[in-house]
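Engineer: The primary structure of each chain is shown beneath.
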Amino acid sequence: MDQQLELRNHASVIGPATDFAYRWGLNVGLSDDKAERLALAVDEIVTDVVLFAYPGAEETFQLTFRADLSTAEVIIREQGVPFDPAEATYDRDQTVEEGDFNPAGYAVVEHCVDEVQFLNKGTQGKEFRLAQHIEAEHIVDLAPADVVADTSVPDDDVSYRLVAVEPGDAMDIATLMYRTYGHTYSKEDLYYPDRIEQALRNDEKFGVLVRTEHGAAVGHFAVLRDDDSAIGEVGEAVVDINHRRRGLMTRMLEALVERAEAEGLVGVYGTAVTAHEISQRANARFDFVSAALNLAYQPRERFTGLLDDYPQPISNLIDFKPLVPYDTVRPHLPDAYGPLLTAIYEELGATVEPPDDPAPAPRPDEAAIDARIEYDFRHAVLVVEEVGRDVEAQVEQTIEDLEDTELNALYVDLPLDSPHTPAATAELRDAGFVLAGLAPRFHREQDHLRLQRPFVDLDPEAIVVYSDLAYVLKEQVIGELQ
Amino acid sequence: MTYERDGDTLTAHFQRDFNLLTARHLRQIVQEESHVRLDLSDARFVDTEALAVLWELQDDGVDVTLYDPPELFHEMIDELGLESVFDVAVAAS
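Order-wise, the sequence lines are chains Z and A.
So for the first sequence, our numbering puts the first residue at 1; every next one is plus one.
So for the second sequence, our numbering puts the first residue at 1; every next one is plus one.
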């Protein structure tokens, strides 16, 4: 959940803003050293905003604090006078000679945090993004070697019990993940007990654990709540190799879905890799519907030892399962994607009818776009909240601003309840974007059209899909790319 | 920030960040002193606005000594290549 501060451009806000950044950093898991560095970086940027962004005027600017288990990010947004940090190059001799330390501030920021991004959003202002990677201790460094290496075979008549995961189970889960997958599991948070515990304490996820009658943890499955919608990603699935083929995965998923419904989630989804079809088969077996194909979603290197020979970044399928049934929907579908999106909707159980806006409001001049940069996954998602006329210009500017990040792909989510989405889709297609698919209920519980632009060459043959719908999706996406 | 004067020496103690506000405060309280001693042992960090004020004081002919600045300060001036610009002492007396 994002934390927001709105501040006046007054020097008195600098101390409280940096104090908040420091305390917040500690709370999301940064070490004291990293939290201090983040605080100094925030101090430098906020001071610049206070001093230079609004000469002679009293205005406000915003700080957004956003964290997941591995990254803490502070976003500073302002709409003051134009500024480009690339032109404020630090010159040591000039600083010593003239005493102008302003360019030094940005050099300090770059030194203090792991990632710095400057996004020029045109008339929407500017964003400074400061991110720190959250360090934690790996399970291999915490657990005794014989525990993580345990491969004892159970009796045939061993009995199991499913329990809701508690923060105190973090060590058992990390041990189970490592014992089962070695280093090959892509979501590395699962190897860090502190991160698991923190996510559970913060209610960022919930899960089930299978224990034997002797108390050993042999299975785990979880739902990770999304930040901006009442949906969750199912994942972290693991069954000890000696306890497979006993129906544990099915029992865990059933328990999870039941819990998710009780928690009020409107849907759950899995992101299945397309390097093979194993995960996709499992999702299909539990009635998940392939709704979108995200090209180059994550680097191959995240699957240490498992996909070493895979030739390219991993593309993923979004497999979605509605928990609140779809009824009749009236989305604003772009003509080019109408039939395919309708097919996805129907697979999800929806009846698609034409939108019935009597007289849509004129398209606003300015778009509102929230950029979500997944540094570890080398992709970004731009969530379009207002489909203004400058969507394409803002997207292109963001791509230019993120050039140094070396993203593999960028996704744009357009709200299907906006009458302006078809026009924006046409503009983005002209700019080289292609379909990814439907992002069901992904933001504010609303359906979004996901477009994408990969920045790497991809071999279509290496993208393996399982379901009929996924096959059609792949044909469409690859066809557009070519 | 607290401070005391002793002849031509002003000694200031920082209990928190040495930032824009505290740097402005320091600039205001330095009057005719020719020596300024800054105890930074409790400071979390020293930002570039503070460095600018330190540079100004030195440019005005004030002898400035920083005592026990935080580790991040050393890293920062090293990164900026300013090690020789500021006089740093290990322990406040």
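Hints are computed from structural coordinates only; laboratory data are not their basis.
Honestly, I wouldn't trust all of these hints.
[Claimed, not checked] Now the stretches of chain Z that chain A is said to cover, found in silico as 3 or more residues with beta-carbon under 8 angstroms:
1) 35-42
2) 84-97
3) 101-110
4) 312-324
[To be verified] Cβ pair distances, simulated, as ranges:
5) GLY61(A) x ASN27(Z): 39 to 47 angstroms
6) PHE52(Z) x GLY61(A): 24 to 32 angstroms
7) ASP93(Z) x HIS74(A): 15 to 23 angstroms
8) ASP93(Z) x GLU71(A): 21 to 29 angstroms
9) GLU71(A) x PRO311(Z): 42 to 50 angstroms
10) ARG24(A) x ASP84(Z): 37 to 45 angstroms
11) PRO167(Z) x HIS74(A): 46 to 54 angstroms
12) GLU79(A) x ALA336(Z): 44 to 52 angstroms
13) ALA164(Z) x VAL85(A): 33 to 41 angstroms
14) VAL85(A) x ASP203(Z): 19 to 27 angstroms
If you're wondering where the values come from, they're calculated on a predicted model, not measured in any experiment.
We treat Cβ as the ideally placed atom computed from N, Cα and C, and that holds for glycine.
Engineer: Does each hint fit the structure? Answer for all of them.
Structural biologist: Taking the hints in turn, this is what the structure says about them:
Three residues within the 8 angstroms Cβ limit are the bar, and the region 35-42 of chain Z against chain A gives 4, so the coverage statement holds. Coverage of the region 84-97 of chain Z by chain A holds. Counting CB-CB distances below 8 angstroms, 4 residues qualify, and the rule asks for three or more. Residues of the region 101-110 of chain Z with a Cβ under 8 angstroms from some Cβ of chain A number 6, which satisfies the need for three, so the listed coverage holds. Against chain A, the region 312-324 of chain Z contributes 0 residues with a C-beta closer than 8 angstroms to a partner C-beta. That does not satisfy the three-residue criterion, and the hint is violated.
Range check, GLY61(A) to ASN27(Z): Cβ separation about 46 angstroms, and the 39 to 47 angstroms hint holds. Between PHE52(Z) and GLY61(A) the beta carbon distance is about 29 angstroms. The supplied range of 24 to 32 angstroms therefore holds. Between ASP93(Z) and HIS74(A) the beta carbons are some 21 angstroms apart, a value that agrees with the proposed interval 15 to 23 angstroms. For the pair ASP93(Z) and GLU71(A), the beta carbons lie near 26 angstroms from each other, so the given range of 21 to 29 angstroms is met.
Separated by about 45 angstroms at the C-beta atoms, GLU71(A) and PRO311(Z) satisfy the suggested range of 42 to 50 angstroms. Roughly 27 angstroms separates the CB atoms of ARG24(A) and ASP84(Z), a value that falls outside the hinted 37 to 45 angstroms. In this structure, PRO167(Z) and HIS74(A) break the distance hint of 46 to 54 angstroms, their C-beta atoms being roughly 38 angstroms apart. Distance hint for GLU79(A) and ALA336(Z): a CB-CB separation of about 51 angstroms, consistent with the stated range 44 to 52 angstroms.
Roughly 59 angstroms separates the CB atoms of ALA164(Z) and VAL85(A), a value that falls outside the hinted 33 to 41 angstroms. For VAL85(A) and ASP203(Z), the hinted distance range of 19 to 27 angstroms is not satisfied, since their beta carbons lie about 49 angstroms from each other.
When held up to the earlier numbered hints, the structure conflicts with 4, 10, 11, 13 and 14 and fits the remainder.
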